[in-house]
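Once you have looked at the hints, place chains B and C on chain A.
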Amino acid sequence: MSEDFEEDVKFEAADDAADVGQGLILDISGYEGPLHLLLELARQQKVDIARISILELSEQYLSFIKSAQDLRIELAADYLVMAAWLAYIKSRLILPRDEDETVMPEADELAAHLAFRLQRLEAMRRAAEGIMRLPKIGQQVFVRGNPEGLRSRTTPLWQANLFDILQAYGTSRSKAAIRNHKVPKPLVMSLEEARTRLRRALKSVSVDSSDWTALESLLPITEELPEDIPKTSIKASSLVAGLELAKLGEIEIRQTGTFTPIFVRGTEQGARKQESEVS
Amino acid sequence: MSNNRVEKAAAGIEAGVVDLTERLQQKPDIDQELRLLEALLFAAVEPIDSETLRERMPEGSDVSALLARLARDYTGRGINLVHVAGRWRFQTAPDLEHHLLDVKESPRKLSRAALETLAIIAYHQPVTRAEIEDVRGVAVSRGTLDVLMELGWIRLRGRRRTPGRPVTYGTTDEFLAHFNLETITDLPGRDDLKAAGLLDPRLPKDFEMPSPVMPDDLTDEEDPLDDVDEPEFFEDFLGDDEEQ
Amino acid sequence: MSNNRVEKAAAGIEAGVVDLTERLQQKPDIDQELRLLEALLFAAVEPIDSETLRERMPEGSDVSALLARLARDYTGRGINLVHVAGRWRFQTAPDLEHHLLDVKESPRKLSRAALETLAIIAYHQPVTRAEIEDVRGVAVSRGTLDVLMELGWIRLRGRRRTPGRPVTYGTTDEFLAHFNLETITDLPGRDDLKAAGLLDPRLPKDFEMPSPVMPDDLTDEEDPLDDVDEPEFFEDFLGDDEEQ
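In order, the protein sequence lines correspond to chains A, B and C.
Per numbering that gives the first Met the number 0, the first sequence starts with residue 0, numbered consecutively.
Per numbering that gives the first Met the number 0, the second sequence starts with residue 0, numbered consecutively.
Per numbering that gives the first Met the number 0, the third sequence starts with residue 0, numbered consecutively.
There may be inaccurate statements among the hints.
[Unchecked claim] Each computed SDA-like pair below joins lysine to any residue, with the alpha-carbon atoms no more than 20 Å apart:
(1) K135(A) - S110(B)
(2) K202(A) - T266(A)
(3) K135(A) - D94(B)
(4) K108(C) - L161(A)
(5) K246(A) - A270(A)
(6) K193(B) - E6(C)
(7) K202(A) - E243(A)
(8) K7(C) - R116(A)
Simulated from the structure, these hints should not be mistaken for laboratory data.
Chain A extracted, bound-state conformation:
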């Protein structure tokens, strides 16, 4: 069955079609399928739908299909299937009854079946109209326009079983007892170390430590150190150590401009101090 007949079909469309009267309406798109067309034709018999003559209905339907075909209106297959079926019923119904007793009840039954289906469809249409005439929300009766609403809030209902507690206890205590409190040494050069190394380096580069030497060249290289101390830490600690020594008067430190190399040289005071320390 084709879906072409499905949507956008209103009651009004069918009613309008019916109003046109006895003449066959060839706009079959007004009907959803053969059953709806048959129902429409039956309504045009203007008798109680329970008393419609299937024979008469069959004739109407067949002539409808014929004229549609004459007008080269494309008919969905199910219209033609229905036509064939009605033609068969019609032929059985008009056969003289006393010819073959065994065949006739079958035709009657088929006709009754069709009549029933038409009646059932008609009943459902009326029922649909009835439902739609009931008082509806937003149409005939109205609910509160701006209800405050009933809110729900959930609060947690905490749950635990004994095993949870024991497991938590075991894990917690195991962790605490085994926990190693050795704090890993941070990978930095300590100020103390930097100071010692800087002093030593200054002493070793020149006998006359009053020559300016680049601080950079005095730095220990990473490989000299027991741990993998990053260069930036060595540089930073050494600079701070240098500033500290300069403050103590042991060295002088200078830089000619931003980002230019930093130079250091020993002072007499520094030399004396070192000597006194050595002796």
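Chains B and C only, in chain A's frame:
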């Protein structure tokens, strides 16, 4: 020993006094309960069933009696307390319809296909798609069912216990609430249609008449929907759900 | 087949529609204008000013008088007619507002921190917060203790007779009842826990676990809680109590 007896008696007196005091304190404040019920029903966005009301009302409230009294209080007023789809709600009196054009919604135009399908589902439920198609004589398009589904008026109920296990359709409480029906048996003319044999989904010769009921639970002939070993289910309906 | 069963059924449908419509109709009990005003205010999506109401009401209605009467009708009820910023609206009585909020409980697993804290309190009681933190190796948040307190599983017992006089915690009878323990000594000991694989087998030999006790009375090392000459007490706990 006698000492013990005296103590026991004293305890008994004590218990009696506590009992009486409690009872006096618990004397239900009907007006207060009625006020609360009224507020709950007013504030609710959807109709509420008595069970929910009972949960939200103070313990021991006679909700049925309070509902009856509230309904009586509002009889003949501009707003009424009504019972729809087994739930309670306030709504405006129907005769005032014409004065409330401000809030009137534009009527939803349903196609003939949708209207007929709705009626068939309402009166024949639980009903399969094939049965709807048998009544209408045409295929039911997915779009028609979708429209009704989107309105919240029909729902998938389960699967019929027949070969192919087709899905069954039924109406929702929302449908009842929208059309002011208390139960599905209130459908207009339902008994007459049934008596006339017009609710028979099958051929007229085998007059097995299913009664159109809208049980929340599945009928004997239905299986629940969530049937994972039915691949067609996913093909057929999951895709559609996604489209919505 | 009955002769005109469709017509009969149709008549039934018609009767049903009329019936259902009439069921909603009630004989007006109060002044028609008052009913309309009531319905207008009820169905309105937002508060309405008197001017708009005058437009909606039948000509010649004394809207002010009607509003006054309606407001009086609803005084003391669950819903009230209120006048806010020049507009009128129905609203639920303010004193009932908190009843419109339904608090539901949803089961949830206790956090790891809470479980550990509870276990340590159970085994080590009477125990101070600092001692719990010492065993756990991590700080114990106030929230964790609050949750356990709210559950009624732990309680404040007293104050330890040490500098700073810290509060001691212990488990309650409710704790025993909830975890199906007859006495606190039913808690499994070190060997049981080890056998159950709940203690790390690498634990040092000198690892000690207390045998749990739950004395009802204060121990020799504890002072009662209600110790007014301890200013911290008020700062520390009174606020918390109020939260509960």
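Need the list of violated hint numbers for this structure, in ascending order. none
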